[in-house]
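> Given next are the chains, with one letter for each unit.
There are 2 protein chains.
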Amino acid sequence: MVIKIGGNIIDDENKLSSFLKEFARILGKKILVHGGGKLATRLAGQIGIQQQLVDGRRITDAETLKIVTMVYAGYINKNIVASLQAFGIESIGVCDADGNLIKAHKRVHPTIDYGFVGDVDEINSSMLQGLLEQNLCVVVAPITHDGNGQLLNTNADTIAQELAKAMSSHYHVRLVYSFEKNGVLLNVEDENSVIPQINPASYKKLKEDRAIFAGMIPKLDNAFTALQSGVQKVIIGKAEDLTNLIEGYAGTTIINE
Amino acid sequence: MVIKIGGNIIDDENKLSSFLKEFARILGKKILVHGGGKLATRLAGQIGIQQQLVDGRRITDAETLKIVTMVYAGYINKNIVASLQAFGIESIGVCDADGNLIKAHKRVHPTIDYGFVGDVDEINSSMLQGLLEQNLCVVVAPITHDGNGQLLNTNADTIAQELAKAMSSHYHVRLVYSFEKNGVLLNVEDENSVIPQINPASYKKLKEDRAIFAGMIPKLDNAFTALQSGVQKVIIGKAEDLTNLIEGYAGTTIINE
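Chains as they are written, first to last, in the numbering used here: chain A, 1 to 257; chain B, 1 to 257.
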């Protein structure tokens, strides 16, 4: 089970805590990938660093990298671990430089310099499996490295997808993208407009009709990539409804046929 | 081999990098415990949090805890890991909440409220051994937890001592305290006044004569505690001279007889 927790859940102590309580109850081997929330942006503001976004992606200059490393791999990661331990789950928090979990390279783009943003090259499956086999729940922050000592800020949805794919050769893997919405919505203003199932054909049509919120597209692309690489099931939905999500009683299930 | 790196080495990118290069060359199982350096104090200053010290110990209020968690367990820990990976050492960075490595309690003191400062209760030896047996070099940040979800700021010298003690029932352990000085100095102004060996009797005399710098006393107390609990050897000396330290060609060796 690879679960990504994102969106504003991380910024809300109560919501995060009740999510982690539900997460703790899930049986079997677990990987939790978390994003960053707004704390990094707030901290950057406090010390006078301007944040830039292009196409919804953060431009990561050296100072911003420092902040996201501190906030994602330090503050958020360790607080999640401490909470899970309190719920009786032996968990270990890592970034993707740890044990060479994910090697990446600085993004190459013809026109935009993303700064210290990493695109994934390679997963160290055996190290990750070693942790899981030690019965540790692995909590992953989205900071990769290039193998030459450089940390890189990396999209957490992509990391969840890559880890799910890598683990699918060893385990039956379900990938859950959980966030503040009920699922993939037909109307972004209406929480009751959840699309229960999306397959490649309906996805193509939804995109053509511009019926899905643009912010969902990278997540859905990640979902289909995961499915095509052996992940059993991908579910997208509300973090506070985790148990129902996992059982398929809520959210959007992405299928491959 | 448990090595503590502290003092201003952490603040100096070049010194830290050459230390890590030497550290990477050491054979056998390795644990690196790091302190915090001045970055936490600087960051606190930038966002307007006043730091308080009592008897050389930081008083850790909620905001300071947030900062040390970010800086120690995030920025410093992950940059050390990325550097070690670049030197070919598969290493994993953890704080002491990870895998329940060190359970601690909030310090109880009759007159001073230290805030979120932890005193060590218990080490999860089997989890740590599991990581070492996975051939991972373990990089440890001095942030413990109380098992109820609360992170706690903890003295890194003490953590190194506790981990060395815990591992001494499984391995032959040497504990090295490395910092900016050549060793335990008779005259704190004179780097050539290194005391090559200290045993309990000479330590007692040095303390009576007030011949040792007060800041060294907690480190030496930690050293003797470690020796009494089965650690084979404790060495104190200059981080930049790590290879010689380990071989006993430099620094101060603490012995039990």
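These aren't lab readings, by the way, just hints derived from the structure by calculation.
It should be emphasised that the depicted structure is a prediction, and the values quoted were computed from it without experimental measurement.
Backbone N, C-alpha and C define an ideal beta-carbon position, used for all residues, glycine too.
Misleading hints may appear alongside valid ones.
What the hints assert, rightly or not - Covered, in the sense of this in silico footprint (three residues per stretch, anywhere, with C-beta under 8 Å from a C-beta of chain A), are these stretches of chain B:
#1 77-86
#2 93-104
#3 111-117
> Mind listing which of the numbered hints don't hold for this structure, in increasing order?
Going through the list in order, the structure violates hint 3 alone and respects the others.
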